[in-house]
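Using the sequences plus the hints, can you model the full thing?
Protein sequence lines, in the order shown, are assigned to chains A and B.
Take the first sequence: its position 189, counted from the start at 1, is 189 in this note's numbering, and no numbers get skipped.
Take the second sequence: its position 580, counted from the start at 1, is 580 in this note's numbering, and no numbers get skipped.
It cannot be assumed that every hint is accurate.
Pairs involving identical chains hold if they fit within one copy or between any two copies, as the list cannot separate such chains.
Below are the DSSO-like pairs computed for lysine-lysine, each with C-alpha atoms no more than 30 Å apart in a straight line [said to hold, decoys possible]: (1) LYS449 to LYS467; (2) LYS443 to LYS467; (3) LYS6 to LYS101; (4) LYS209 to LYS6; (5) LYS283 to LYS101; (6) LYS26 to LYS402; (7) LYS402 to LYS202; (8) LYS516 to LYS26; (9) LYS516 to LYS207; (10) LYS242 to LYS486; (11) LYS486 to LYS202; (12) LYS443 to LYS126; (13) LYS459 to LYS26; (14) LYS174 to LYS7; (15) LYS516 to LYS16; (16) LYS174 to LYS101; (17) LYS455 to LYS310; (18) LYS242 to LYS29; (19) LYS402 to LYS459; (20) LYS516 to LYS402; (21) LYS443 to LYS516; (22) LYS402 to LYS443; (23) LYS443 to LYS310; (24) LYS16 to LYS449; (25) LYS443 to LYS460; (26) LYS408 to LYS443; (27) LYS449 to LYS408; (28) LYS7 to LYS486.
FYI, nobody ran anything at the bench for these hints, they're computed from the structure.
This one's a predicted model, so the numbers in the text were calculated from it and none came from an experiment.
Number of protein chains: 2
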Amino acid sequence: MNIQFKKEKIITSLKKRVHITQWITKYTKVDCIADLVSGLTLGLTIMPQSMAYAALANLPPHYGLYSSFMGAFVYTFFGTIKEVSIGPTSLMALLTLSYTKGLPIEFVILLCFLCGWVQFIMGVFKLGFLVDFISMPAISGFTTATSLTIILAQLKGLVGIRFSSDNIFHYVQKFYTHSDKIKLNDLILGVCCIIILLIFSKLKDIKLKCPSAMKALWLLSISRNALIVLVSSVIAFYFEYKYGESPFSLSGNVVSGIPTLALPKFYTQIGNDTVTFVEMVQKLSTAVIVLPVVAVLSNVAVAKAFCKGKAVDATQEMITLGLCNILGSFVQSMPSCGAFTRSAVAHASGVRTPMTGLYVGTIILLALTFLTPYFYYIPKSSLSAVLISAVVFMVDYKIVPKLWRTNKFELLVTFVTFIISLVFSVEQGLLVGVIINCIPLLKVWTRPKIDFAIKTFQKKHNYLLIKPELGLYYSASDFFNSQVQKMIMSIDYTIPVVIDFEHFFHVDYTSKETMKHLLTDLQSNNHSIIFLNLSESIADTLQEIIDQFCIRCCQSENEIFDELTFTSVEIDEGAGTSLLPHKPKA
Amino acid sequence: MNIQFKKEKIITSLKKRVHITQWITKYTKVDCIADLVSGLTLGLTIMPQSMAYAALANLPPHYGLYSSFMGAFVYTFFGTIKEVSIGPTSLMALLTLSYTKGLPIEFVILLCFLCGWVQFIMGVFKLGFLVDFISMPAISGFTTATSLTIILAQLKGLVGIRFSSDNIFHYVQKFYTHSDKIKLNDLILGVCCIIILLIFSKLKDIKLKCPSAMKALWLLSISRNALIVLVSSVIAFYFEYKYGESPFSLSGNVVSGIPTLALPKFYTQIGNDTVTFVEMVQKLSTAVIVLPVVAVLSNVAVAKAFCKGKAVDATQEMITLGLCNILGSFVQSMPSCGAFTRSAVAHASGVRTPMTGLYVGTIILLALTFLTPYFYYIPKSSLSAVLISAVVFMVDYKIVPKLWRTNKFELLVTFVTFIISLVFSVEQGLLVGVIINCIPLLKVWTRPKIDFAIKTFQKKHNYLLIKPELGLYYSASDFFNSQVQKMIMSIDYTIPVVIDFEHFFHVDYTSKETMKHLLTDLQSNNHSIIFLNLSESIADTLQEIIDQFCIRCCQSENEIFDELTFTSVEIDEGAGTSLLPHKPKA
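Right, dumping it as structure tokens:
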């Protein structure tokens with residue numbers, strides 16, 4: 001019976017984790033068509049894009065494709081956000097490059113494997129709550145900056161020029177100096193594509209009387225990205241076939257073939273030296289922490305950007321991302337996570353469920369087997385047009401007047417996140433935004449409300465009751481001391497002091513040590529001290545203090561009366577002497 | 001009358017800031033002697049040390065001395081911690097170097113000026129509370145790692161070898177390879193100095209019957225550092241004079257003369273180009289934020305290390321540090337802050353008040369004018385001995401068993417801070433320690449307690465009362481939604497939902513947007529919604545939601561009864577229809 005129960009519990013929690021079980025039964029034909037269309041679009045987007053990102057990380061382009069299908073498959077089964085598309089991203093590529101520059105490819109794949117484990121473990125330890133601190137104003141600054149960065153980066157592709165830049169000022173300057181190299185054909189194709197895409201995106205809103213015409217318009221609208229890439233590729237192919245030369249910049253050659261399934265190599269060769277696993281990890285150093293954390297942050301930020309306030313199960317996302325990377329490393333993937341561009345394309349293509357991932361993965365596998373020769377013909381500027389018209393709607397200017405009206409501090413958060421993301425880097429912007437946003441929350445822990453009350457019993461004896469409302473953490477311990485001392489000063493006669501521990505869950509080392517100073521002070525001024533409502537664990541922690549200062553502990557107000565009456569009698573007897581402290585009762 | 005009152009208020013707050021006013025009236029002769037002795041010791045320590053730090057920042061050595069006196073003077077008047085000695089530190093020197101490498105000296109001085117302003121502004125905006133998050137376990141890890149780092153660095157000087165190293169492993173390896181270059185004379189002098197210093201440090205604890213002998217022992221004990229430097233210099237001078245060569249490594253030549261008082265230059269020349277103020281700031285880039293923040297952090301960490309739990313007025317320290325650097329830049333100082341080594345020396349020399357700073361500053365000015373030729377003779381190994389025997393007592397191993405017994409999480413904080421400080425860098429260690437220490441505090445904001453109660457009125461009507469205990473911040477908004485939805489699911493019949501805003505101080509954008517999802521959900525399931533105890537400002541913020549969802553607002557339970565009875569009647573009238581929402585009354 002017990003085993004049966006346990007079995008059921010395991011099945012329930014497994015079902016919760018294998019997220020596909022929660023929506024697959026409701027999967028309809030309409031969902032399927034929408035997902036197929038957006039899958040095709042995403043597939044056509046991810047292929048050239050992932051190859052570009054592989055090149056960004058100094059890897060041969062086909063590693064980009066290797067990194068794109070396993071994540072897509074895994075996310076279908078475990079993922080919760082329909083727009084998220086796992087694969088290489090520019091952020092991950094740049095971080096990978098910065099840690100593995102000049103090292104063999106085995107380091108990149110091992111990094112992917114380790115990233116996956118770190119993310120998986122973060123998920124298992126439920127560190128998802130940390131992601132709750134990514135607020136909407138921070139997300140808004142992040143998405144707007146990312147969108148602008150992507151638009152700027154794609155503008156180069158759109159006009160057919162190539163250069164690299166460190167930051168936005170550098171970019172503008174370089175764009176200006178390279179402006180004479182703009183290719184008119186690419187520019188015309190790109191602009192036409194954007195115009196067509198923007199018009200098509202509005203098609204689905206046209207109200208017609210005939211339902212089948214409506215349906216056709218909707219299909220045309222959501223498949224616009226795929227259509228544009230296909231049509232422009234056919235045009236390029238036609239020119240190449242007829243005149244032997246294409247008027248546009250094309251995507252170029254790719255290596256064919258599916259990678260074999262194998263564990264990543266836990267050793268490698270640099271020159272003639274064999275490098276062991278430990279040495280490899282040492283060389284990767286902080287990458288093993290930085291990459292997974294940045295991946296989780298940006299993945300959840302992307303997810304939240306598309307959820308518009310609906311809950312994101314960050315723990316589930318961590319576990320999924322972990323599995324994507326662990327299994328990805330078996331097919332020689334580089335570290336991957338959800339990409340903002342692809343999510344925007346999926347969103348614009350009307351994605352309905354994570355099933356898209358299955359289609360995307362299949363398309364990439366097919367591509368690796370059969371289609372790679374044809375990808376050669378995809379014009380770069382039509383791809384840029386697809387990306388630009390997908391992310392342009394993510395520029396979130398509407399939040400500014402909303403925040404201005406209700407909360408200017410949060411507007412500052414948006415603004416700072418935006419500026420730092422744009423000028424420095426996206427992960428820095430997001431981090432700074434999150435930290436600034438935390439400041440008011442942290443401030444509460446340094447300045448908690450403390451209730452002071454002077455209580456009277458038997459109409460003649462007073463005592464001072466002190467009760468911190470949120471308990472006492474290290475960050476408030478200095479403040480607590482100074483508040484109590486101020487209070488005692490204002491009373492200016494000797495009064496028993498009762499500290500109520502009701503709201504204390506826990507006493508840390510700093511508050512304990514700081515409290516000693518307060519107690520020394522109180523005792524040297526002859527105030528007797530009583531601890532009220534000590535829980536067992538806190539009494540344990542404070543035992544040293546209780547012994548050192550001979551503090552009495554009470555569990556109720558009546559006990560305080562008893563203690564104080566007893567003390568008062570003693571004063572009467574030994575007139576002129578100070579209050580004698582008693583051994584604690586507890 | 002009103003002006004009189006304002007004037008008094010200004011004087012009071014000025015008195016609070018000019019901290020010397022609070023202790024100068026109680027300054028005694030014994031204080032004066034103790035401060036003079038520790039001032040002399042500190043002076044003798046700071047001079048060669050500051051020149052070394054200037055060299056570390058790629059500046060001529062006399063700039064180290066320029067950086068040591070203004071801070072000392074200013075700190076006397078504004079500082080609160082008697083042990084803190086402002087001047088160049090290794091941390092500041094290394095950071096300065098990393099931002100101003102290859103730039104003219106004007107950049108360093110401008111950086112000092114800007115650092116000062118940033119610190120001053122941080123103080124004025126009372127950002128001191130941020131420093132409350134530096135807990136004792138983190139401080140302990142920081143001080144122990146810093147002490148060990150300093151001991152290791154000084155060991156080189158003690159045995160007369162020179163090399164630079166990136167981290168502790170590198171250090172040990174280099175020490176081993178350089179071990180054949182150890183100078184025996186330096187080693188012997190250094191070890192003798194350490195032994196004498198350690199014996200002398202115990203002298204003051206010897207109990208004698210004669211009070212004047214006790215006093216002599218005390219004076220001998222606290223002046224031990226100064227004595228050792230003096231005596232060893234005299235020995236070196238004697239050998240140099242008699243044999244033309246000293247057996248020890250000496251400190252060497254220094255430029256004489258006091259710098260003129262002038263504003264820092266707001267422009268400079270690089271080659272033939274004039275660099276404007278704006279361009280200078282652009283080149284300094286993040287240094288303008290990083291340096292002041294690191295300086296404040298390490299200054300307060302040092303202060304807290306010597307206060308052992310007593311409150312540190314971080315705001316005052318920020319303002320003081322700011323003034324030290326602003327005024328310092330007028331005498332061509334590099335960025336400076338309190339140094340751990342010097343604080344340990346001051347502590348070991350029995351410092352009593354911040355007045356020491358005045359003596360230190362005077363000694364340095366005298367030195368710059370008259371004494372520099374004699375500093376040539378200070379043996380490096382005796383200085384190393386002074387520093388080593390000052391910091392060796394700061395290694396805090398006693399905290400480990402204490403934390404092990406009561407709080408293992410805080411032990412982890414100590415341990416992580418220690419390891420990262422030792423292996424990477426002190427500022428990184430402190431930062432990571434503080435962040436880890438914050439995690440439990442932050443977690444409370446993501447999982448607040450929410451009170452649910454089903455209330456009954458007129459013995460037949462129920463409603464669900466929801467009251468979050470700590471209000472609702474963005475970090476808890478997802479959690480709040482899911483908890484409420486779980487609760488509603490468990491009730492499984494249509495029930496009016498009352499959200500009590502009593503504990504809300506403020507509603508941020510994220511909670512507002514997230515709440516919209518909840519309300520949409522509730523309304524689509526025909527639950528009517530009432531907001532209870534809305535304050536005016538929160539009602540303002542939520543007006544959009546109140547209008548959109550036609551939510552009724554109440555200020556008391558009676559009002560709820562009225563609202564709900566009215567609704568119930570309506571249900572009876574329009575049988576079968578859903579609850580009609582009403583326009584808000586408020």
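Now for the hints, and whether the structure bears them out:
When the C-alpha separation of LYS449 and LYS467 is checked against a cutoff of 30 Å, the pair qualifies both within a copy, at 9 Å, and between copies, at 19 Å. Taking the closest pair of Cα atoms, LYS443 and LYS467 come within 30 Å of each other both inside a single copy (19 Å) and across two copies (23 Å). In the homo-oligomer, the alpha carbons of LYS6 and LYS101 never lie at most 30 Å apart, since the shortest distance is 49 Å inside one protomer and 64 Å across protomers. With identical chains, the CA atoms of LYS209 and LYS6 are never at most 30 Å apart, being 56 Å at best within one copy and 77 Å at best between copies.
In this assembly of identical chains, LYS283 and LYS101 lie within 30 Å of each other by CA distance both inside one copy and across copies; the values are 11 Å within and 27 Å between. In the homo-oligomer, the alpha carbons of LYS26 and LYS402 never lie at most 30 Å apart, since the shortest distance is 37 Å inside one protomer and 57 Å across protomers. For the homomeric pair LYS402 and LYS202, the shortest alpha-carbon distance inside one copy (26 Å) is at most 30 Å, but the shortest distance between copies (68 Å) is not. Taking the shortest alpha-carbon separations for LYS516 and LYS26, only the inter-copy value of 26 Å comes in at or below 30 Å, while the best intra-copy value is 62 Å.
Proximity of LYS516 and LYS207 under a CA criterion of 30 Å is satisfied inter-copy only: 29 Å between copies versus 75 Å inside one chain copy. In the homo-oligomer, the alpha carbons of LYS242 and LYS486 never lie at most 30 Å apart, since the shortest distance is 91 Å inside one protomer and 65 Å across protomers. In this assembly of identical chains, the alpha carbons of LYS486 and LYS202 never lie at most 30 Å apart, being 67 Å within a copy and 39 Å across copies at closest. With identical chains, the CA atoms of LYS443 and LYS126 are at most 30 Å apart both within one copy (25 Å) and between copies (11 Å).
For the homomeric pair LYS459 and LYS26, neither the shortest alpha-carbon distance inside one copy (72 Å) nor that between copies (42 Å) is at most 30 Å. Neither within a single protomer nor between protomers do LYS174 and LYS7 lie at most 30 Å apart by alpha-carbon distance, with minima of 63 Å and 58 Å respectively. For the identical chains of this complex, LYS516 and LYS16 are inter-copy neighbours only, at 26 Å across copies versus 48 Å inside a copy, given an alpha-carbon limit of 30 Å. Proximity of LYS174 and LYS101 under a CA criterion of 30 Å is satisfied in both settings, with 25 Å inside one chain copy and 27 Å between copies.
For the identical chains of this complex, LYS455 and LYS310 are inter-copy neighbours only, at 29 Å across copies versus 48 Å inside a copy, given an alpha-carbon limit of 30 Å. Within a single copy, LYS242 and LYS29 get their C-alpha atoms no closer than 41 Å, and across copies no closer than 102 Å, so neither meets the 30 Å cut-off. Neither within a single protomer nor between protomers do LYS402 and LYS459 lie at most 30 Å apart by alpha-carbon distance, with minima of 56 Å and 44 Å respectively. For the identical chains of this complex, LYS516 and LYS402 are inter-copy neighbours only, at 15 Å across copies versus 49 Å inside a copy, given an alpha-carbon limit of 30 Å.
In this assembly of identical chains, LYS443 and LYS516 lie within 30 Å of each other by CA distance both inside one copy and across copies; the values are 24 Å within and 27 Å between. When the C-alpha separation of LYS402 and LYS443 is checked against a cutoff of 30 Å, the pair qualifies both within a copy, at 25 Å, and between copies, at 28 Å. When the C-alpha separation of LYS443 and LYS310 is checked against a cutoff of 30 Å, the pair qualifies both within a copy, at 27 Å, and between copies, at 20 Å. For the homomeric pair LYS16 and LYS449, the shortest alpha-carbon distance between copies (24 Å) is at most 30 Å, but the shortest distance inside one copy (40 Å) is not.
In this homomeric assembly, LYS443 and LYS460 never come within 30 Å of each other (Cα to Cα): the closest approach is 40 Å inside a single copy and 45 Å across copies. In this homomeric assembly, LYS408 and LYS443 come within 30 Å of each other (Cα to Cα) both inside a single copy, at 18 Å, and across copies, at 25 Å. In this homomeric assembly, LYS449 and LYS408 come within 30 Å of each other (Cα to Cα) both inside a single copy, at 25 Å, and across copies, at 28 Å. In this assembly of identical chains, the alpha carbons of LYS7 and LYS486 lie at most 30 Å apart only when taken from different copies (24 Å versus 60 Å within one copy).
Hint compliance for this structure: hints 3, 4, 6, 10, 11, 13, 14, 18, 19 and 25 are broken, all remaining hints hold.
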